[in-house]
Every structure is written in structure tokens, then in C-alpha cells.
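Please dock the two separately framed chains into a single complex, following the hints provided.
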Amino acid sequence: MIKLYDFDLSGNCYKVRLLLGILGLEFERKNVDFFPGFKHRAAEFLAVNPLGQLPVLEDGDLSLRDSHAILVYLASKYDGSGRWYPTGDAALLGEIQQWLSLAEGLTATASAARLAEGMDFDFDAEAARKGAYRLFDVLDEHLWFREREGSDWICAPAHPTIADLACFPYVMLSEEGGVSREDYPAIRRWTDRVKRIPGFSVMPGIFPAQLGS
Amino acid sequence: MHDKTWVPVANSTDLAPHHVFQGRLMGQELAIWRADDGHVNVWENRCLHRGVRLSIGINTGSELVCQYHGWRYANRNAGCTYIPAHPADAPARTICSKTWPVIETGGLIWTHFEDRDPPLPELPEGGAALRPLPLAAAPEMVRESLAGLAPEGFGPLDETLQARGPAGSLHLMVQPADAGRAVIRGIVQSDEPELALLRRLNLFLRSARDQILAQAALTPAPEPIPHRPERVSEELAEMPEMVSGPARLRVQVAKKELVAKDIVALELEPLRGALPASQPGAHIDVALPNGLLRQYSLVNAPGETGRYVIGVKREPESTGGSAAIHDSLAEGDLLAISEPRNNFTLRRDVEETILVAGGIGVTPLLSMAAALKDDGLPFRLHYFAGSEEQIAFGERLAALGDRLVNYIGLDPEKTALALKGILKSPAPHAQVYVCGPAPMLDVTRATAAEAGWPDAAVHFEYFANTREIDTSSSFRIELARSAVTLEVPAGRSILSVLQEAGVAPPSSCCQGACGTCMARVIEGEPDHQDVYLSEAEKAAGDKILTCVSRAKSDRLILDL
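Respectively, the protein sequence lines represent chains W and B.
Counting from 1, position 210 in the first sequence corresponds to residue 210 in full-length UniProt numbering; the numbering is continuous, with no gaps.
Counting from 1, position 149 in the second sequence corresponds to residue 149 in full-length UniProt numbering; the numbering is continuous, with no gaps.
So that you can see chain B by itself, here it is in the shape it has in the complex (with noise of 0.2 Å):
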């Protein structure tokens, strides 16, 4: 139906502030909307979910949520970071909206289907956007009605659609919008006055539409192009993400900067494409020159896209991750990346959250903040730093207005009295985040406990796992997917067992603190050794991370 090129769908004044333009290009329709960053994203109209159109939906500048139920699409990469019907979850990241590259030249949007990139279109600099013209006839007949067609002080416009006169020059597009629909678009360059030239055009272009569409009544209107919608299943939209091993994704250092007294920020684009969605709370793994590996909280703010924003503390009795980053890593650099992860997944159904930052734990819950501050929900950032000079990322901070409160140099003692303040009275219908090193965190879960929260509502997430692991034990695991019996030995971890057995899950931390190794118990007593399972999960024993933790019973049997 059309050459390889870019086609047009939409002007660009088509895309007002947080509007979602609804167009059509060959049969499929296109939901449209702008960012706020200015990106201007090209979509499938349905949501991924039950197949309502997008274009209905609201674009909140960062993310486009749909009417039905709630489902949020991140701006650029597509990818879905929110389902309200699962809070408690995050979102498979293979749920993704279909997207179309785009450019936008000559005041007009254009997209294209094609495998690769056509060359770009051959536009004169500047020039005014006519207002679109719809019609329901077929494209190719209204291209040929067109041709040879004179608009006054233009002269004929040619095959190709472009004309040039005393006025000026024009060029006109037809949008092949179905099998038996167009709209005609185009640019005008021109000394007139803009406004009366645009009114004089839009009447040659309406004659010349009644003209083309009573042609067309002579013809039977051609069958439209069916509709190929791409749809995610029940099942992987209600399972939570998988999680994958090793780090994919290739990154490049854009910006390395002292934020706070030992603690740089990194901002890591992709090398080509976009970035993968994430969500608050997420984090990635770093794949270091010195071959550690490391996970970091991502800080960025909801439809903050183009980039990951990490934040690393140098730490003293660090067993290298964060020297090799403050001391050996340059802007410039690549890193190899893990895909985002979210261990530490924000409810946004709730009446009141409450975030609570030890150091550099702010990272994942400045995430957070952000993303309740753009829906607008109540919530209060309670922030423990050990002197003012080791506040980071002030700005982030400063936009939070009065919902941050910090806490400067408090000694333990004084830390736990504020922590008991915050956490005095539980609300129904509240949730805790909590984020920090370990003895805070030990702190916190104490005294949530005690006032009476209940565990579902705290949520934490350990930088690492700083407690001596007991390996002393021996005993057998019986792996009931796999028909494998095995020996777990004194002095060796599960996972290792399992890696070995090449039977393992994924993993990463290998201390027990990020979630990912975890495995489903089916029969025995697990000997918890983590610190990300909550207490009432570890007492339901039904779970597992296998880097740390061990069996009290003889045997377990787990579910690979």
C-alpha cells in the first residue's frame, strides 16, 4: 500500500499536554501521546490487559494508565510498571506495550511498520502543518485525485504531491489509514500570513474531499484491514516476574558525580534502544570490572526512562564493589547490567505509606516518593543520615517538600526512640518501607512489631546480610520437578548443590538478601539464615533462599 518510507499520523499539535491522540496507519490503531521530557511515543490503542483503547486512557506525563483497570505503561520503553489488581506484585517486565519508532519533522509525527529504519523524508526547513484532512475513501485513489489538482497562487501539484508558485511551496501526504480510509496531511512554506493561508488551504483541501469522496461512492468502500491485536495472557499478567540471571544489558557510564560525602551517583544509558521498564523499589545488578557483582536500587522517579540512576556509598570494609566504582569507573565507561528487578514492590492502593531511609537505603525509597508524589498519595519520607554532608541527592530530596523529614546524627539510641515515634500507632489501611543497613533495619522490624504492625504491611530490603551464616549442618534435598535427590554437605550452600546438579534458580546476591535465589518448599523445616524472608513467611515455611539457608529436617523436598 505504501513505498518504505515514514508515514505521517498525527500533527504535532495534535499532542496537547498529558493528551493521548488516537490515529490509524494501515488499519492499526495508534495511541499517541507526549511526554513530558517532550519523547513522543507511537503505540498499539490497546491495553495490553483486556484490549481497551489506550486512547481513552489518562497520560499523566510519565505514564500512560488505562481506563479500565488501572494498568500503567512507562513513556518510551512501553513497558508495564503497575497493576493495580496485584499491588503486591511487580509486573512481568514482558509485558510491554507494542511500540513504532517515531520522528517528528516539519511540524508532523510520522511513524513507519518496516523492519529497519526507511531513510528519513525530504522535508524544507520550517514551514506550517495544514489541518488534517480525514476522508473515507481508498489512499491510492485520493493520491491520484490529488495530482494535478491546483490550489490557487500553488499551481498543480505533481505525483509526488508537492507544488510550488508565486505563494509559495506545498507539500501534501496521504496517510494510508485503512484499506478505505486517508487523511490527508501536509506543509506549507509561504510569506502570507500563516493563519489566512492555513484557512485558504483547509477550504481547497474540503472541495477537493467532497470531490474524491463522491468519486468514491461510485466504488464498493474495500474491506478494512483486519486488526492484529497482541495480547499478554492471563497467566503471565497474574504470575510475578521471573527473575534472570546474568547481567544482559550493556550500559554506558553518562554521568558520574559526587552527590554527598562517599557516595557517587551513576547514570547509565543504553547503548542503543530503550532502556527496560522498572518500577519503584527496583534494582539492577552490576556487573563490576573486577568481576564482582553488585545490586544497586534504582533512584529514578516515575517516567525517568532514558536512563538509570543509581546511587553507591563507599564503603569502608567494602569487599570491593563500591571502591571499584568510586575509584576505577569514568564517564565513558560501559557496564554490563542485569535487567531491573523489584524485590521491594510499592502498593499504591493504600490510604498512608510511610518510607524510612537509613544512609544510602534512600535510593530505592527516593524511587518510591517520587511515584506516590506524581499519584498524589499521602505519604511521608522519615530520612537517618549520619551527618548533613552525607545527604544525597538533595534535589530529588528538596522536591518532596514537607513529606521528608530527616533525621541528622542520631546515635542508635535516639534512632530507635524516633523510629518508636514514627511507628506508634499502625493504621489499618498503611503500609511501611523501610530501606537502611542491617542493625537499623533489625531495629525497625523490632518495633513495628511491638506497636503492633502486622508483617504484610513492613516491607524491607537489606543492602546485605551481615549476620555469621551457620553452615554446619548436612542433610538431603529431594528436587520434586526434576526427580533429582541430592546431598547438601557441611560447609556447602544449597545453591551451590544445585549449580552444580546444573538444576540451580537464579541468583544473585548469594547472602541472602535480595530474593532472587528463592525456591518453594513442599515437605520439611527450613533453617532460615536470610534476611529477606519476613518473619511470618519464615514461620509459614514454605519458602526458601537457597544461597544461605538450610534444613533443620533431614530432608526437604523443594519444588524445581
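Excised from the complex, chain W in its bound form (with noise of 0.2 Å):
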């Protein structure tokens, strides 16, 4: 059985187990007490992964650190459809990475600036911010144009891929750490769609977007 190091706050934690709910695959969770007790720097968890960083999977004898990592594998892997990472698409799969890194990106930003003002993380709170804003209006410009063109979804035209979970985490956990999304619509009608994908799970912070779900 996969088994997944998670926390429950935990935004790249949560894309995992959005991915493993949508493919509804069944996994093992192993909870990190990131905060308060910071044990993913105890020696124990260190001995999984040296970088002390959350999530980590574990699948037979493959073990993976790195959220993006964890989705790249299970969409190859998993997803009959092959739609979620299309290894046969040479543009789509690297534009997919280009989004990735912006998702890194957010992860040094929006989500450093959360573990500021939420978990007394010792971060630039104004310069996060500052750097997701940038972010968040490349996001949105790219999401408007995109309607335009017919499409729902950061890369593929007619459905989401693993771009679009691992984006989404962090810019709907935002305003927790003081960066609105006011001012960026498109961005909002998108993670309503990415709320309304058949399987989508919620976590603290995040409501669903129908009744009943």
C-alpha cells in the first residue's frame, strides 16, 4: 500500500492527496507533526528524508520526496487516462514544468508568507507577499487569456493536469497569509473549476464549492 509522511496544514502535502483522491487510490498516512512540534527535523523523519522537507511517499521500495515528484510519478503511473502528466506530449509536458516551477515559486511566496503570520515561522512576511502578487498577476493573465481561447485549465485545453493541483494549494490557502486574491479574477473562476473536478477533497482552510460535497 502507498503510504504517504503528510500533515494535515500542509499545502504541498494536500496536492498529493488531492491526486491520490482523484485517481482514488487508496494510501496509508503517516502524520508529521510539522507544527507545532517540528518533527519533521527530529532524527527520525530526517532518516526519511535528509532535506526534513513534507510530503514523502512511499510506494514498494520507491521512495520519493517532493510534492511535484510525488505527482509526476503517480500520474504516470496510475492515471489510466493519461491525461494528468501526458508523457507522450512533448509541449504539453514542458509547459506542465514550467508551472511546476511556478508552484515552487509559490511555495517560497504565498506559502512563506502563511507559515509567517499563521505558524511563527521566522520569514519576510511583505517580501512573500510582495512575490506572490507577481506571481498571481502572471497567473491571472494567463488564466484570462486562456478563457479566451476556450480553455478551462492552466495547460491542457480540455482538462486539468498535474499544473493545475500544484498551483492551486497554495493560491486558495493565500489569504492566510495576508495576500488577497481581490484583485485577480480569473484566478478565482479558476479554482472554483478546480473545485468542482469529480473526486476533489478539501482541506482546513479550503471550502467546497457546491452543497453537499
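Among the hints, a few may not be true.
Some chain B residues well away from chain W (every beta-carbon gap over 12 Å; in silico) [what the hints assert, rightly or not]:
id : residue
1  : M26
2  : W100
3  : D158
4  : G165
5  : R403
6  : K414
7  : A480
8  : G541
Chain B side only, calculated, beta carbon under 7 Å to chain W, not exhaustive [claimed, not checked]:
id : residue
9  : D14
10 : I58
11 : Q67
Keep in mind that the hints were calculated from the coordinates and are not lab data.
We put the CB at the ideal spot given by N, CA and C, even for glycine.
Structure, rendered in C-alpha cells:
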């Protein structure tokens, strides 16, 4: 059985839980008390990931750190539709990687602001917010014109990819770090669409977009 | 900050299906959403309950549901239709989200905060709306900075931010979001391919924005305009609706249609403005041309807020109400009606709902069924009709699919048997709603009690009280609040004595069926003759319907 080293309030762990849920995969959760326990820095977890970062996924003999690496692996191995990470489409793979890198930037900015405001991490919240707004601006413009071209998603024309899942959590949690989405209407519409993907699940701070879900 | 004009606050494309757009105008946060009927709502972005942003709520297509405690507000009139924490009470009609006027033209959504509508914006026909560009700078300064800039192919923007050139014409607007925040919006008309042009103008606006922001950085940012939230007091929020007497609303009969044998449907439209919100189970009083006041349940589904729909059956023993509607009322006629009242509130916190309709009693249950279906809650509607041709509102019934069960032409004995089947096993989290003729309701009441349903789980709506009222007693009433003592002689009702003394509660049906004239009993034993209170309520003895019920004791002390 797949095993996930997980923390409820982590957006990067949530990305992985999202894809696991959408693909309908069973998995075992191993909770690592990131806050306030700081157990990701304890020797026991450093033996699993020397970088001391969540999440980590174990599947058989494979142990993977880095949420985006895990998304790539899960989609390539378990997604029968071949849509979440279309390995045969070079251009699309390039685009997906480009947005996974932007998602990495969101972790360094929007997520950092959230850790500084909500969990007392010693980051420069103001600088983090400024960085987040720059990325939001790029994402909003991209999505606005994607809509004009008739596409609802960041990369592929007709369906979401792991790029959407990678960008979603720290966009959606941004207000906890004082980053407002008021000025980014195209982003807000896209987050509604992500929430309506079949198999979508929530985490603390992220509400469903429809009743009864 | 701006002259009296309509101001654009969103692009039409911002209002995606079932999305709630977060906007801002002069420091006021807005929740803007489009309902499934196409209507665009511009509301204050605060739930009246705890002030949570409605823009994080859920647009069901007909209602906006607050994410926090689930308060629901109706399309158009913004009236609160349901409070989950008080599932058995109808929300007070005064709980209504703040709304502003709206027009949609040129691919933009416009509103204003003036007392009366300013003239409509003069816009050329057609064109495409630009990608809006928000920026943290004073709106006035943004306007001044944009004037004179010359986007390629359009020539310089004049003082009204319009430009015309070989590429076409361009019209920019500056939405004053706050003292130090603005959104640049615009409409372009051109023969150039649209997407490439929108991209080009987006680049132009982005570089204009960067220039303006650099300039704005040199002056201190203005203080935001203070926000003035409107809230409803806890007290009001938790109090069931106060009833009001007279038929104060004026409506026009927009449509009169025979929907079954001897049943007409009336669609009533407001003469101006929006109709007050209604909830499933609500009814209105209709003042008829012949002077009678009659109650009719609303058939309206959630979000059906543009008109009230009622069904009226011609009663052979009619005292003139149904005959007046069938024979003398025509499309285009004006009617006086009351605001909707709800004595038949639908709970939406239960696991199963059983709806039982007899004949024209289907009307409030149709409204309930549509609401339950919308919410995805399990229910079944059992509809007893005399014959196929007496089945009314076929289209609405058809929409219920297999959740509708018809019983056609059953005699009283078979009806009783069918009811026994429907109510055979009381479930702990189920509720039953019954509306129909009095004999059927009496049988249902007895059957439910026999099967072990608790009183509180079975709800009745009588059309009329067909029991004979015994008015032979005489007694004294003391009004605790008014400090008045009155004698009620044989042959007169408590209500008429109260009316004479000028201290009467509102009243409506005057036959013990609608519950409007209810008063609280502080002391004394009521002699209940109504069909409105449940057996448990009657036994508790702390409420009385003053129009028909009397006293068994020598005196009653009422909380009036």
C-alpha cells in the first residue's frame, strides 16, 4: 500500500492527497507533526528525508520526496486516462514543468507568508507577499487569456493536469498569509473549477464550491 | 469621487456559472453573481449573520449560501430564505441582504450608489470588454494619467478616456474601487482579430499601470474609505417572522391558465421593484375584487423570485373566493396581496422528508419538493387526486421524476389504507408534511399518531377549518401587557373583542386554519377549536388562536 508522510495543514501534502483522491488510490497516512511539533526536523524523519521536508511518498521499494516529483510519479503510474501527466506530448510536458516551477515559486512566497503569519516562522512576510502578487499577476493574465481561447485549465486545452493541482493549494490558502485574491478574478474562477473536479477533496481553510460535497 | 453615473464593477465574463465574484466600489465590498435565470445580483459582500464574505459562499443558481452557517439568500430580492440553526422557523422577512441596482451592457456589469438611477452610460453597440487591470492608486490620478496616452492604432485618449483611430475606437473607464485603489476597464471596437487585439491592449494597459504605480509611489497612499457593514441584531435573527395584517403589495395578474380541471394557476408580477422573498410552504393573502381575503400557498421553486405562482381550485361550496378568481379575474388585472407568510416551514436538516398532498393541497408541497430536489435531499411526494384530469402543475410534477407517487381516484377507505402504508414506519430523522382537505388531514393525523410518529415530526396545512365552532361559552380575558380586562360574551370571538378594544394581533383566515392571530396564554385553560395547533401544542395550553378558540376556565390571561 502507498504510504504518505503527511501533515494536514501542509499545502504541498494536500497536492498529493488531491491527486490520490482523484485517482481513487488507497493510501496509508503517516502524520508528521510539522507544527507545532517540528517533527520534520527530528532524527526519525530526517532518516526518511534528509532535507526534512514534507511530503514523502513510499510505494513498494520506492521512496520519493518533493510534492511535484510525487505528482509526476503517481500520474505516470496510476492514471489510466493519461491526462494528468501526458507523457507522450512533449510540448505539454514542457508547459506542465514550467507551471510546476511557478508552483515552486508559490511555495517560496504565498506559503512562506502563511507560515510567517500563521505559524510564527521567521520569514519576511512583506517580501513574501510581494513575490506572491507578482506570480498571481502572471497566473491571472495567463488564465484570463486561456478562457478567451476556450480553455478552463492552465496547460492542456480540455482537461486539468498536475500543473493545476500543483498551483492550487497555495493560491487557495493565500489569504492566511495576507495575500488577497480580490484583484485576480480569473484565478478565482479557475479555483472554482478545480474545486468541481470529480474526486476533489478539501483541507482545513479550503471550502467546497458546491453544496453537499 | 465620481459624478452621478453608472460605474462598471465587473466584466460579464467574470460571472461564470455558479460563481460569486468579489468586487469593490468606493470602499464597499460587493458580491456579484449571476443566477440561472440570467439575473445579475450586486450585493453587499457580507452575510448578515456574522459578516462573513458572501463571495466565498456557494451560488446554487437560485440562492447564495453563506459558507459559515449556511444562511441562504434568494436571487433578486436578497431575502433570507433559510437559517439552518433554526430549521423549524421561517426567517423574518426583514433579513435581507443589501442590494444595489444593476445593468449589463457592453460586456460589463454596472451599478451605482445614488438614490435614483443616473442616465444610462452611452456606449456604442457591440465591442469587446478588455481584461480589467486593478492597481493601487487613487482613481482620480489614474484617470488623469491615462488621458493623453495613445495606444497604438487608436490615437490619444481624450479627457473622457475615449480614443478613435485607424484600428477602431476605444473607451476606457476607471472604477473607483477605494480611495487608493482603482480598476481600469474598457471596451474596444475594431475589425482586428479580437484575441490578438485584447492581448495588445492588455500589454498597453500593463505598461500604463507600471508608470502610474511608479508615480503613485511618490505620494502617501490615501486612507481607505471606511466600511459600513449592515447587520441584523441577534434578536431579530433568532425571532420567527412577525405577521402583518393588511394586503400591502400590489401585483398584476401576468398569466391566468387552466392547469387542470377546475384549477387555474395565477402568475402575479410586481408593479415595480422586486417581490419579497418567500420560502417553501409560504402563503399569501389575496384581497379579491369582491372584498374577500383568501389564503393561497405559493408554488414557487427556489430562485423563482420574479413572480408569485398560486393555484386556485373552484370549490362548489365556495363562499365566493374561488369563484371570483375563476370567473371575474383576468390577465392584466391588479390585485392587493400580503407579503408571504410561512406557518408551514420546511426543515432541511433531516434525513428523509415525506410530502403528502391531497388535491389542490399539492401547491405548497410542490414548492417544498423543488427546494428539496435542489438541495439533493431525499424525499417523496405522495399526491392524491380525484382523477387524472385533476392533476395540476404537470410540468413541475414531471421534474420530480421517480420521487413523485400518484394515487388516483381512491375512495376514503383506500386513501386511509394508502396513508397507512406511507406512514407505516416512523424514522427518527424523518419529517412529514401534509396539505389537503380537512377529512384527509384528520385521517393522516390519526394514522401518524397510531404508527408512532411524534407530533413534532408531522406538519399540517389546512385549507380551512370545516369543524363547527362552538361559541356558547362566555368568559373574561385579561391582557397582561395592555393591562386591560375584557368580557367575551357567547356568540363573539376573542379576536373581535380584541379588535373592538384596539389591541388585536394581526389576523387572516378567521377560521382557525392559518395561525396568524395566535397569542400566548399565560394563565387559564384554552378551549381549542382550531385546526392549526398540533395535539401536543393544544395539550400544552400556552397558545391560542384568538379567532375561533375560547376558554374552558372563567378567565384567560393573554400575553397581549
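Tested hints:
1. For M26/B, the non-interface assignment is confirmed: its Cβ lies about 15 Å from the closest Cβ of chain W, beyond the 12 Å cut-off.
2. In this structure W100/B is separated from chain W by more than 12 Å, as the shortest Cβ-Cβ distance comes to about 18 Å.
3. Its beta-carbon lying about 27 Å from the closest one in chain W, D158/B satisfies the requirement of being farther than 12 Å from that chain.
4. Look at G165/B: its CB is around 23 Å from the nearest CB on chain W, clear of 12 Å, so calling it non-interface holds up.
5. Every CB of chain W is more than 12 Å from the CB of R403/B (nearest about 16 Å), matching its label as outside the interface.
6. Taking the minimum C-beta to C-beta distance to chain W, about 37 Å, the non-interface status of K414/B holds against the 12 Å cut.
7. No beta-carbon of chain W comes within 12 Å of the beta-carbon of A480/B; the shortest separation is about 45 Å.
8. With a cut of 12 Å on Cβ distances, G541/B stays outside the contact zone with chain W, its closest approach being about 41 Å.
9. With a least beta-carbon distance of about 5 Å to chain W, the hint placing D14/B at the interface is held under the 7 Å criterion.
10. At about 6 Å, the closest approach between the beta carbon of I58/B and any beta carbon in chain W falls short of 7 Å, and the interface hint on this residue holds.
11. The interface hint given for Q67/B holds, since its Cβ lies 5 Å from the closest Cβ of chain W, which is under the 7 Å cut-off.
In summary, this structure violates none of the numbered hints.
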